[in-house]
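Asks: Each chain, written out:
There are 2 protein chains.
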Amino acid sequence: MFEAAEVGHRIDRETFEAALPALRVSLLEAQWAVHSKKAFPVIVVIAGVDGAGKGETVNALNEWMDPRHIRTVAFDTPTEEEAQRPRMWRYWQALPARGQIGLLFGSWYTDPIVDRVYRRSGKAALALAVERINRFERMLADDGALILKFWFHLSKDAQRARLEAIDRDPRHTWRVTRADWKQFEHYDRYYAVSEQVLRETSTGYAPWQVVEGADERYRHLTVGTLLHDALRKHLGATRRRRPPAATSTAPLVAPLDAVTVLGRLDLTRALGERKYERELARWQNELARLSQGKGFGKRATVVAFEGMDAAGKGGAIRRLTGALDARQYRVVPIGAPNEEERAYPYLWRFWRHLPRRGRMTIYDRSWYGRVLVERIEGLCSEADWMRAYGEINEFEEELVDGGGLICKFWLQISPEEQLRRFEEREQTGFKHHKITAEDWRNRTRWPLYQQAAADMIERTSTRLAPWTLVEAEDKHWARIKVLKTLVERLREAL
Amino acid sequence: MFEAAEVGHRIDRETFEAALPALRVSLLEAQWAVHSKKAFPVIVVIAGVDGAGKGETVNALNEWMDPRHIRTVAFDTPTEEEAQRPRMWRYWQALPARGQIGLLFGSWYTDPIVDRVYRRSGKAALALAVERINRFERMLADDGALILKFWFHLSKDAQRARLEAIDRDPRHTWRVTRADWKQFEHYDRYYAVSEQVLRETSTGYAPWQVVEGADERYRHLTVGTLLHDALRKHLGATRRRRPPAATSTAPLVAPLDAVTVLGRLDLTRALGERKYERELARWQNELARLSQGKGFGKRATVVAFEGMDAAGKGGAIRRLTGALDARQYRVVPIGAPNEEERAYPYLWRFWRHLPRRGRMTIYDRSWYGRVLVERIEGLCSEADWMRAYGEINEFEEELVDGGGLICKFWLQISPEEQLRRFEEREQTGFKHHKITAEDWRNRTRWPLYQQAAADMIERTSTRLAPWTLVEAEDKHWARIKVLKTLVERLREAL
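Chain order of the listed sequences is A and B.
The first sequence: position 484 = 503 (the numbering used here), numbered continuously.
The second sequence: position 147 = 166 (the numbering used here), numbered continuously.
Be aware that a few hints might be false.
Same chains, same label: a pair holds when it works inside one copy or across any pair of copies.
Computed list of lysine-lysine pairs in DSBU-like fashion (alpha-carbon distance at most 35 Å, straight line) [unchecked claim]: (1) 313 to 494; (2) 201 to 317; (3) 57 to 494; (4) 494 to 56; (5) 201 to 313; (6) 57 to 294; (7) 294 to 252; (8) 494 to 317; (9) 503 to 201.
Hints are computed from structural coordinates only; laboratory data are not their basis.
These figures come from a predicted structure and were not determined experimentally.
Kindly generate the complete structure, drawing on both the sequences and the hints.
Replies: Pasting the structure below:
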């Protein structure tokens with residue numbers, strides 16, 4: 020893949036200066052079109068060998084375009100906040116919003132490549148990392164992003180010469196460090212590993228462009244032109260966008276008899292007052308004990324609650340937080356996304372609130388809204404929610420890999436019980452605010468929601484992040500089951 | 020102040036259990052009223068001696084109310100990200116939005132008190148810290164916040180007994196550390212310093228409530244009742260809110276002859292093409308050199324641009340960023356605040372983007388919008404923008420104190436030049452998007468904007484953060500003046 024970038028591409032000053040003004044105007048116009056329509060996010064990955072002029076070219080792009088709508092981010096050693104969260108967290112935080120251009124140095128490619136070069140990881144680990152990168156970029160592309168990846172290449176001789184030249188230049192010595200020279204010793208291995216990674220991650224939706232780094236004018240003009248052409252093409256494609264193509268997700272088939280895993284739950288399960296109080300004390304104490312132990316500090320715990328309106332999510336959450344120290348947890352209620360959140364892929368706002376190790380985030384409704392309310396109410400396209408099953412599994416896998424523990428609860432009630440609770444709420448002073456017209460409307464779509472929930476459970480109950488189905492007709496039973504399950508999952512994990 | 024909290028307040032179980040159900044319902048209703056109307060933010064500061072049950076009471080509040088709209092934050096040793104920014108940065112990040120309740124452990128009171136107890140700071144430093152706290156809380160209150168501050172107190176004997184008891188209880192030993200016992204040795208001094216700080220910061224808009232911590236039931240019920248009463252009272256006051264009272268800010272008086280500091284600028288200043296190119300290269304090189312030096316890494320640089328539409332802010336910014344490495348700076352364009360930003364005090368979104376040390380944030384329009392566009396277009400009340408002068412000075416003082424450097428540029432052009440540029444933009448392909456109907460409308464209010472700018476400069480040009488007035492009729496002159504000023508400020512500071 021790198022051979023074509025070792026041929027000594029050059030552009031002379033005259034050609035460069037003749038081409039530049041028109042390119043700048045076109046680039047600016049294309050950037051403006053993307054920005055003014057908030058058309059899509061532009062993700063530009065900048066990678067390659069040291070000394071190949073990555074920084075200079077990024078500076079040129081910032082100079083040629085409007086820097087107010089560019090976000091340049093350089094990833095270095097993870098900060099403390101970053102190290103406490105899953106590996107991908109900091110990349111999610113750095114994603115550009117729709118209408119913005121993100122120039123990312125040292126992206127999600129750095130660790131997999133460097134780990135393999137220094138033999139800190141094996142072949143299988145690299146293959147897995149590549150697989151995950153492809154799925155991540157696929158998700159971004161499916162969400163509409165334009166993804167460009169530039170690899171700045173130098174032949175071994177050229178790199179040596181470049182490092183020496185920078186070393187000699189007194190204005191630049193700060194740029195070449197001992198680490199750079201150290202890394203140069205591994206040139207051949209670095210070459211082999213990155214070539215493999217590039218080959219395996221150069222996809223139709225996120226292709227790599229290898230750019231020879233030796234000549235500054237060639238490098239600048241090549242990157243500028245490729246970026247411009249890609250912006251134009253993507254703007255055109257977005258305008259003409261057909262209804263999204265059928266995805267590669269297996270189709271959903273509703274069972275003929277309409278019996279789902281939810282219908283099989285035994286909703287008569289209940290607990291009497293006295294037994295409930297005893298069990299509540301027991302499991303809350305146990306949860307308190309676990310949350311104060313050392314093991315808890317090593318895991319980031321994520322708890323998600325889903326269920327029909329009035330299924331008792333709030334009550335269950337309060338019994339759970341009642342056992343914890345308020346400094347350890349955060350409850351995040353999920354409603355319709357706000358303005359800012361809508362400018363990012365839908366998982367962005369959940370990444371944002373992920374707990375650090377030693378903390379717990381409790382989501383009252385969650386990322387599963389995509390395959391429940393958004394599916395039923397038509398808030399996103401079928402292709403969007405169909406691919407969400409896979410994206411969600413991927414997301415949860417990342418969490419668990421990053422030291423997380425996930426508990427997901429579906430609270431099941433019957434339509435009759437929901438009606439009873441709605442009416443009760445309307446009559447109880449401080450609860451009447453809990454019932455809105457929307458709740459009554461959603462109620463009419465009960466079977467659709469039930470089918471969506473059954474599909475969701477089938478597709479996203481994984482070994483790493485299983486669903487717990489909770490018989491919630493009796494609040495006591497439900498609350499104890501939630502507490503007990505959480506305690507058991509924690510015990511197992513810590 | 021603490022004597023009344025050493026009398027041995029107790030509440031027996033019966034009284035407690037009789038009072039609790041009604042209190043919980045009332046608290047929940049009050050919380051709901053605040054939340055559903057997004058009425059105001061509720062800021063609850065939790066402080067006091069170790070072992071006085073702060074954590075337990077916060078847990079009780081979370082249990083009694085809806086934890087989904089409560090944000091509990093405990094401040095510990097600053098993280099790396101926090102340490103790189105001004106002292107108040109992390110508190111701004113933790114402020115609750117309108118409709119939320121923030122329970123803050125270890126607030127802005129901790130450092131001033133602890134530093135004085137351990138004699139790391141003198142009397143004057145403490146006095147200054149107190150003064151700043153009062154101004155900060157005043158700002159929050161003026162913005163509509165309800166501020167409650169609870170000090171959990173224990174007599175010396177009671178604290179010793181409490182620490183020993185916790186120490187003995189196997190379930191709780193994790194809570195008492197050697198540091199707690201070490202701190203106990205300083206009880207008397209801690210008592211004296213905190214009494215002074217409490218006295219001097221207990222204001223009408225943010226009063227302290229000292230709560231005796233020995234008896235859990237007394238503590239819980241007292242805090243719950245005080246919180247409930249304050250919520251109710253503030254809800255009432257907000258509903259009846261008169262037009263905001265005259266502020267304590269000195270009134271603005273327009274000069275009779277309408278001559279302002281802006282009118283005195285010599286707009287004929289200009290630079291020929293050749294001289295401009297030479298100067299540009301010179302100052303950009305100098306800026307590049309400074310930004311690569313060691314001193315730069317120790318300062319957080321903030322640059323703000325203001326000026327009428329088409330004054331050349333964008334062009335000046337690009338000449339400035341052209342000299343920098345894209346990884347060092349971020350350009351933040353400021354428009355109307357979004358949904359999320361509107362839920363916080365207006366300075367919140369500027370705090371949010373503050374650079375860490377070694378970085379530069381360039382604001383294209385800034386926090387001065389409050390006293391310019393918001394004033395002229397009536398987007399906030401007169402009292403709001405009148406008090407903003409003081410709040411802004413305070414904000415900039417915090418930045419400089421926290422290792423920051425601030426450069427503020429006002430770019431001045433004549434109305435005739437603006438008209439010429441508007442027309443030129445409308446005719447130039449890739450610039451036509453820069454002109455909107457709003458620009459034409461704002462133009463009709465030229466004298467009002469000029470007067471507002473003059474008032475702003477008079478009130479906010481301080482020694483720490485002076486305004487630089489830039490004659491911008493000639494773009495060359497303006498760009499060089501901006502670069503040169505920034506270089507000189509940096510040189511002086513580094």
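Asks: Each hint: holds or not?
Replies: Against the structure, the hints come out as follows:
1. Taking the closest pair of Cα atoms, residue 313 and residue 494 come within 35 Å of each other only inside a single copy of the chain (32 Å); across copies the shortest separation is 63 Å, beyond that limit.
2. Proximity of residue 201 and residue 317 under a CA criterion of 35 Å is satisfied in both settings, with 34 Å inside one chain copy and 28 Å between copies.
3. Taking identical chains as interchangeable, the C-alpha atoms of residue 57 and residue 494 lie at most 35 Å apart only when they sit on different chains, with a minimum of 30 Å there against 46 Å within one chain.
4. Only between protomers do residue 494 and residue 56 lie at most 35 Å apart by alpha-carbon distance; the minimum there is 30 Å, versus 48 Å within a single protomer.
5. For the homomeric pair residue 201 and residue 313, the shortest alpha-carbon distance between copies (23 Å) is at most 35 Å, but the shortest distance inside one copy (39 Å) is not.
6. Proximity of residue 57 and residue 294 under a CA criterion of 35 Å is satisfied in neither setting, with 57 Å inside one chain copy and 40 Å between copies.
7. Within a single copy, residue 294 and residue 252 get their C-alpha atoms no closer than 66 Å, and across copies no closer than 41 Å, so neither meets the 35 Å cut-off.
8. Within a single copy, residue 494 and residue 317 get their C-alpha atoms as close as 32 Å, which meets the 35 Å cut-off; across copies the closest is 57 Å, which misses it.
9. Proximity of residue 503 to residue 201 under the C-alpha cut-off of 35 Å is found in neither arrangement, the shortest distances being 53 Å within a copy and 39 Å between copies.
Hints 6, 7, 9 from the list above are not met by this structure, while the remaining hints are.
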